[in-house]
Amino acid sequence: MSKIEYTSLEGKSPAYFGLLGGLALIMLLALASVFYMEHEGHHVTGMTNQIVWGMPHVFAIFLIVAASGALNVASIASVFRKKIYEPMARLSALLAVALLAGGLVVLLLDLGRPDRLIIAMTYYNFKSIFAWNIILYTGFFGFVGAYLWTMMDHNVYRFKPYAGFFAFIWRLILTTGTGSIFGFLVARSAYDAALMAPMFIIMSFSFGLAIFLLVLMASYRWTNMELGDVVVNRLRNLLGVFVASVLYFTTVYHLTNLYATQHHGVEKFLLLEGGVFTNIFWVGEILIGGIIPLILIYAPGVKNSRNTLGLICTMIIIGGMSKIYTILIAGQAYPMELFPGYEVSSSFYDGVVNGYTPSLPEILLGLGGVAMTLFIVAFALKVLRFLPVSLADSVADPHSAK
Amino acid sequence: MTQLALVIDLNVCVGCHACVTSCKEWNTSGTAGFLSDYNPYDKDPTGTFFNRVQTFEVGEYPNTQTVHFPKSCLHCEEPPCVPVCPTGASYKREEDGIVLVDYDKCIGCKYCSWACPYGAREIDENQKVMKKCTLCVDRIYDETLPEAERKPACVLACPTSARLFGDVNDPDSMVSEQIRDNGGYQLMPEWGTKPANHYLPRRKTNITIHRDELTRVDNPLNKERKLPMPGDDEQTLDDVMSW
Numbered sequence: 001m002s003k004i005e006y007t008s009l010e011g012k013s014p015a016y017f018g019l020l021g022g023l024a025l026i027m028l029l030a031l032a033s034v035f036y037m038e039h040e041g042h043h044v045t046g047m048t049n050q051i052v053w054g055m056p057h058v059f060a061i062f063l064i065v066a067a068s069g070a071l072n073v074a075s076i077a078s079v080f081r082k083k084i085y086e087p088m089a090r091l092s093a094l095l096a097v098a099l100l101a102g103g104l105v106v107l108l109l110d111l112g113r114p115d116r117l118i119i120a121m122t123y124y125n126f127k128s129i130f131a132w133n134i135i136l137y138t139g140f141f142g143f144v145g146a147y148l149w150t151m152m153d154h155n156v157y158r159f160k161p162y163a164g165f166f167a168f169i170w171r172l173i174l175t176t177g178t179g180s181i182f183g184f185l186v187a188r189s190a191y192d193a194a195l196m197a198p199m200f201i202i203m204s205f206s207f208g209l210a211i212f213l214l215v216l217m218a219s220y221r222w223t224n225m226e227l228g229d230v231v232v233n234r235l236r237n238l239l240g241v242f243v244a245s246v247l248y249f250t251t252v253y254h255l256t257n258l259y260a261t262q263h264h265g266v267e268k269f270l271l272l273e274g275g276v277f278t279n280i281f282w283v284g285e286i287l288i289g290g291i292i293p294l295i296l297i298y299a300p301g302v303k304n305s306r307n308t309l310g311l312i313c314t315m316i317i318i319g320g321m322s323k324i325y326t327i328l329i330a331g332q333a334y335p336m337e338l339f340p341g342y343e344v345s346s347s348f349y350d351g352v353v354n355g356y357t358p359s360l361p362e363i364l365l366g367l368g369g370v371a372m373t374l375f376i377v378a379f380a381l382k383v384l385r386f387l388p389v390s391l392a393d394s395v396a397d398p399h400s401a402k
Numbered sequence: 403m404t405q406l407a408l409v410i411d412l413n414v415c416v417g418c419h420a421c422v423t424s425c426k427e428w429n430t431s432g433t434a435g436f437l438s439d440y441n442p443y444d445k446d447p448t449g450t451f452f453n454r455v456q457t458f459e460v461g462e463y464p465n466t467q468t469v470h471f472p473k474s475c476l477h478c479e480e481p482p483c484v485p486v487c488p489t490g491a492s493y494k495r496e497e498d499g500i501v502l503v504d505y506d507k508c509i510g511c512k513y514c515s516w517a518c519p520y521g522a523r524e525i526d527e528n529q530k531v532m533k534k535c536t537l538c539v540d541r542i543y544d545e546t547l548p549e550a551e552r553k554p555a556c557v558l559a560c561p562t563s564a565r566l567f568g569d570v571n572d573p574d575s576m577v578s579e580q581i582r583d584n585g586g587y588q589l590m591p592e593w594g595t596k597p598a599n600h601y602l603p604r605r606k607t608n609i610t611i612h613r614d615e616l617t618r619v620d621n622p623l624n625k626e627r628k629l630p631m632p633g634d635d636e637q638t639l640d641d642v643m644s645w
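Residue numbers (the working numbering), protein chains in the order written: chain Z, 1 to 402; chain E, 403 to 645.
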C-alpha cells in the first residue's frame, strides 16, 4: 500500500453551504426549544415525575454510545494493526468526537439546570457513576483529540500507537460507564443487570459503524472521490457481526430476566403487553434494527449495492434509537413494585403503567444534537485533511495487485 | 447517632390526605421556594408533593380490606439516592439522619429519582431541581415555635394521630416503643436501604371467648324459672295488669 494522501473538502459549492445552513437551522430550532422548555418549565415536555428521562436522553445516549463505536475503525487500524482501516482512522476519530459533542450538548441542555454546569464540573461525588461519566466524557475528548493530533502531525506521529491504544481503552471504559448508568440501577425492574455494560459496548460498535459508513459513503459520493468495494464490503461484513452480536446480547438479557420469576412482570410488559413499547421493541429494535439488516448484509443479490448499504445503516440507526427508547422509556413506564401482588392505586399515578408522549421541543432538541454532530464533521472536513484522496481498491487494499 | 423519622400507624390511618395537604401547605410557603403545580384543577394536574397516600386492597372481593399507605421519603440509613448524585447535592445529615437535597447544588439530572426504590423523589417543574420530604427541618428546630409544635406539619395535622415523630435510634423514645410494641416494620427491607421511617401494621383485636364464659353462673333468672309457671290457658299477672 502506498503512502496515503489526504485532502480537505473544497467546500465552496452551494450544496455544501446548503448543508451547513440546513444543519444550522436545525440547531437554531433546538436552541429555541431549549429556551422554551427552560422558560416554561418541565411541564411543557412529555416528561413527568414517573418518566423523568425522555426523548432528549434517548438522542443523547444514542449519540454518546455511537461516539465510542465510531472510533472502531481507527482502533482496528492502530490497536489491531489492520492496514486496510488505516486511511479511514482520521475520519473515524473525528466522527467519534463530533458524536460525543452532539450527544453531550443534548444531555447538558436537557438537565434541569444546565446553567449549573460549573457545579457539575467542580463538585464531584466519586461514588456516583454519573459523576464518573462526566470525567469519562471529558477524558474521551482529551484522548481522542490527542490521538487525532498524533495522526495528523508528523512531529508526534511516533506516539500514534500509544494514543490509539489509550483511546481504545478509554472508549471501552466510557461505554461501560454509560451502560452502568442503567446496570447500577437496582431500584427498577428493567435494569440492575451486569450485562448492561457489555451490551452497551456492543451496541456502540454497531451504531457507531453504521453512522461511520453513512458519513463515509456520503463524503465520497458528494465529493466524487473513489471509494472501493473492498473497503466498503469489509466494513459491511463487520457491521453484520456487530448487528448479530447486539441481537445475541438482547436475547441473553431477556432470557436471563425470563428465568427469574421476579422479573416476569416487567418482561411480560416489554415483550407482550406494553402496547407501543412492545411494538417498538419487536418492530423497531428486533425487526428493523436487527433481523432485516442482517439478512440484507449477507444477501447475495445486493452485495455491492451502496444504496442497500445506506438503507441497512439507516435501519440500524432506527433500530438503535428504538433500542435505547425501549431501555430508557419502557423501563421507566413500568411501575415500581412497592407492594408486589397487590393492586395499588392513588391519585398520583402509583401502580399504573406510565404514559409518555415526546413533545416537539424534546424531539427538536435531540435532532439539534444530531445536526451539531454533522455540522462539526462537515466543517472539520473542510478545514483539515481528514479524507483520503482515494479509497479505491488499488489504494486501500493491502493485498491488491500493484 | 440520632435518626429522626416518622412512624405511621396503618391501623388508624383513614386515608384522609390531611398529611398530604398540610405538608404541601407548609413546604410551599417555606423559604426554599414554593412547590410548583401545573393545571391543578384540570384533567391532568401535575405538581410537587413530598407526601402521597397510596391505597391498596388486601384480599379478594367481597372479603377485602382497604389499606391506606402514606409514603414520603423514608430517610434511609443507607439512602441509595445519595451515592448516585453526581454533585453531592443529595446528602444525609450526620446530626439527625435527615436526607436532604441542597437545591443550590442540584443540577436537575434526575438520576436520584431513578435510584430511589420508593419513588420518593420529585422534580419541581418550575425550579427544575429535585425535591423531597425534609421532615420539616425548618420547623422542628425552630425555637420561636412552642415546643409541642416543633414537629413535621403532617404529624400535627393527622386527625387520628397515625403519624408519630421521633428518634428511632433512641430505645426509650415513644416511636421506638411503638415500633417494639406493635410490630413496626420497614418498607421493603430487602433492599438493604434501612429506611428510618417505620409502619405499624394493620391489626385487629381478636379475643377467643368460650361458650361457658357467656353463661352467667349466678343468673337470678335461674331462680325464677324454678317457680311454678301458669299453664297456657291460665291467666297470668301480665293479663291482669295490661290495662
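FYI, nobody ran anything at the bench for these hints, they're computed from the structure. Please note that a few of the clues may not be correct.
Which bits of chain E does chain Z cover? Going by a derived footprint, with three or more residues having C-beta under 8 Å, they are [unchecked claim]:
id: 1; segment: 424-430
id: 2; segment: 457-469
id: 3; segment: 566-580
id: 4; segment: 583-593
Ideal Cβ positions, reconstructed from N, Cα and C, are used throughout, including at glycine.
Results for each hint:
1. 424-430: Our answer is that it is violated, as 0 residues pass the Cβ test (under 8 Å) against chain Z, missing three.
2. 457-469: holds (count 4)
3. 566-580: violated (count 0)
4. 583-593: Our answer is that it holds, as 3 residues pass the Cβ test (under 8 Å) against chain Z, meeting three.
Checked against the numbered hints listed earlier, the structure breaks hints 1 and 3; every other hint is satisfied.
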